[in-house]
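Taking the hints into account, I'd like the entire structure generated from these sequences.
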Amino acid sequence: MRMSVAASWVEAPLKQFVDDARVHYAVLLHPSGQVLGQYGFARSVDVMTACALAAAIDASSRALGMLVEGKAFPSLHYAGRERQIFLAEVPAPGGRLLLLAVFDWESSLGLLQLYHEEFRARVGEMAPPIAHNAPAIAADFEKELNKNLAVMFGRA
Amino acid sequence: MATTPFAPLLQSIIRHRGVTGVLLVGEDDGLVVDSVLQVGVNGAAFAALTASLYRKARRSAEAAGLGRTGYFELDAVDGRVLAAGKNELVFIVVAEARINVGLLRVELLKAVERLP
Amino acid sequence: MADDIRALSEALAVDPSSVAFVALAEALRKRGDLDVAARVAAKGVERHPSLVDGHDVRARIALDRQALDEAAASWESVLRLVPDHRDAQKGLGFICFQQGRFAEAAAYLAAVAEQDPDDASVAAALDTVRAAAMAGPRSSAAVTAPVADERERSTTMIPAVEEPAPITASGVAPFARRATWSRADAAILFDDLLTDVPGAAMHLDEAGLVLAGRYLTEDGRDLAAEVGAQLSGVSDEATRAMRHFGFGAWTQIVFETEVASVAMAPVGQGLTLVAAARTVPLGFLRRLLDRAADRIRAWVGE
Chain A
1 MRMSVAASWV EAPLKQFVDD ARVHYAVLLH PSGQVLGQYG FARSVDVMTA CALAAAIDAS
61 SRALGMLVEG KAFPSLHYAG RERQIFLAEV PAPGGRLLLL AVFDWESSLG LLQLYHEEFR
121 ARVGEMAPPI AHNAPAIAAD FEKELNKNLA VMFGRA
Chain B
157 MATTPFAPLL QSIIRHRGVT GVLLVGEDDG LVVDSVLQVG VNGAAFAALT ASLYRKARRS
217 AEAAGLGRTG YFELDAVDGR VLAAGKNELV FIVVAEARIN VGLLRVELLK AVERLP
Chain C
273 MADDIRALSE ALAVDPSSVA FVALAEALRK RGDLDVAARV AAKGVERHPS LVDGHDVRAR
333 IALDRQALDE AAASWESVLR LVPDHRDAQK GLGFICFQQG RFAEAAAYLA AVAEQDPDDA
393 SVAAALDTVR AAAMAGPRSS AAVTAPVADE RERSTTMIPA VEEPAPITAS GVAPFARRAT
453 WSRADAAILF DDLLTDVPGA AMHLDEAGLV LAGRYLTEDG RDLAAEVGAQ LSGVSDEATR
513 AMRHFGFGAW TQIVFETEVA SVAMAPVGQG LTLVAAARTV PLGFLRRLLD RAADRIRAWV
573 GE
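Protein chains in written order, with the numbering used here: chain A, 1 to 156; chain B, 157 to 272; chain C, 273 to 574.
Some clues are possibly wrong.
[Claimed, not checked] The list that follows gives simulated cross-link-like pairs (lysine to any residue, SDA-like), each with its CA atoms no further than 20 Å apart:
| no. | chain 1 | residue 1 | chain 2 | residue 2 |
| --- | --- | --- | --- | --- |
| 1 | A | Lys15 | C | Asp508 |
| 2 | B | Lys266 | C | Asp508 |
| 3 | B | Lys266 | C | Asp276 |
| 4 | A | Lys15 | A | Gly94 |
| 5 | B | Lys266 | B | Asn256 |
| 6 | B | Lys242 | C | Asp508 |
| 7 | A | Lys15 | C | His516 |
[What the hints assert, rightly or not] Per the computed footprint, the stretches of chain B lying under chain C, defined by three or more beta-carbons under 8 Å from a beta-carbon of chain C, are:
| no. | segment |
| --- | --- |
| 8 | 180 to 190 |
| 9 | 197 to 210 |
| 10 | 219 to 229 |
Honestly, the hints are just simulated from the structure, not real lab data.
Using N, Cα and C, we set each Cβ at its ideal position, and we do this for glycine too.
Encoded structure:
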């Protein structure tokens, strides 16, 4: 099993999403970059990098969305030659989370959108209020990130 | 939807008895290009999943040495889905189980031939 | 393909003496328009009697139409022009085998093997033919019913796209009459269902592995495992889709390719699958699938 979670409630919806959407990688994270669960990565450093980049992409695309449309883009898709990236918002009680998924021709953007909807619904039902998980202040960010990675990769 | 140049093609199929939805979908991304759907038909789900099924059938058939796939049909207890593709588009027909499959197959293949 | 056919037709209309008829006939053959393909090839050969490819394509079309004598005549024409033409020798070897003329089949295949000793498929086909020749005209010792007509040695033809390779289902046994089954029966479980239709049948378990049936090529290779592995993925996709369609469980999938029609149905924990040449009507294919499904249910004791 290549799935690991920092919070137990994440496991069921993330596993269902991975099984249905047939993605290679999936990460559920806080917009601050804190990881809550992941599938597919074998090394914590890769998860850390993916989370940091996803958080940065989310922040910049939100700003861009506000600039050009007056509202944030709810999801982003990038199609590479072999693999594609899907990054979308997941509303949760008291805040928002991000879902990053990497897939190839075995899946499709349409399938990602379909199963993202289901994932949103499950997270909405299962996630505890995330107010306490509000974006970490800069001083705590790395500590929180490392704590979650340590839990997920068994080094806590 | 049915607001694109494909609307007449979609309309020519939806008028058949038992047909509840007709969609034109991108084969690779599974997104709806145009559609005519009866109320209650989940167009996005039929589009994404049928395009995926069609793509899988096409790739599997090619890998098995059977050549390119034209017509595809999925029968279920309470309904049928028919599909045929051309130039990275898939024409999808959602229908009740009791339909004249032979007639719809011919109509579908004709419609696909008229795709650009 | 339609565009290719249109372009080739136009080229031929502009210049009827063009050798484009070979490509046009082949494209029509692949599309399953066998009557039109045969007419195009016949006219072309009439105009170009010394064009080897013309006779060759005519033979392939005749084979698809199961006009074996016509196919043999065309390949013999090829051999008169090019005595060591490999495809013609292979084709004639196949036809002779199909007609039970094992010694002649062996001679043709041996000639091919001599040209290319490293071709494993030809060697395998030659072994099959020689084994059949050794066993005599009725190779199955299990046969007890007094049936010995030619159809029971009949072969099926689903040409592959890359290199047309008719699929065979030889060595038919009267399974319907068997009281008990053994593991050895598994491979030829469906063969007697296929005596009247050019096709193949197999049953896959829940892991996509072949449980029964086979998918034989012209040269005697059984591609059931490869074909089954590829096509079983389609049923996984269908199972996932049904959760959203609200149609209940799926009962059958049918699709048509350039050269074959395929039908599959979930049976027990596995998947029963039949394939036939495009010339077989879809309605017939569905009935064949039903019969194959009934057979596997009886076999596994459902």
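Hint-by-hint comparison with the structure:
A threshold of 20 Å between alpha carbons decides the hint, and for Lys15(A) with Asp508(C) the separation of about 17 Å falls inside it, so the pair holds. Distance restraint check for Lys266(B) and Asp508(C): the Cα-Cα separation of roughly 29 Å exceeds the 20 Å cut-off, and the hinted pair is therefore not satisfied. At most 20 Å may separate the alpha-carbon atoms for a hinted pair to count; Lys266(B) and Asp276(C) meet this at roughly 18 Å. With a C-alpha separation of about 23 Å, the suggested pair Lys15(A) and Gly94(A) falls outside the 20 Å cut-off, and the hint is violated.
Restraint check for Lys266(B) and Asn256(B): satisfied, since their Cα atoms lie roughly 16 Å apart, inside the 20 Å limit. Our distance criterion of 20 Å between C-alpha atoms is broken by Lys242(B) and Asp508(C), whose separation comes to about 24 Å. The suggested pairing of Lys15(A) with His516(C) holds, with an alpha-carbon distance near 18 Å, which does not exceed 20 Å. Three residues within the 8 Å Cβ limit are the bar, and the segment 180 to 190 of chain B against chain C gives 0, so the coverage statement is violated.
Residue count for the segment 197 to 210 of chain B with a Cβ under 8 Å from a Cβ of chain C: 7. That meets the three needed, and the coverage hint holds. Only residues whose beta carbon comes within less than 8 Å of a beta carbon in chain C count, and the segment 219 to 229 of chain B has 11; three or more means the coverage holds.
Hints 2, 4, 6 and 8, counting from the list given before, are not met by this structure.
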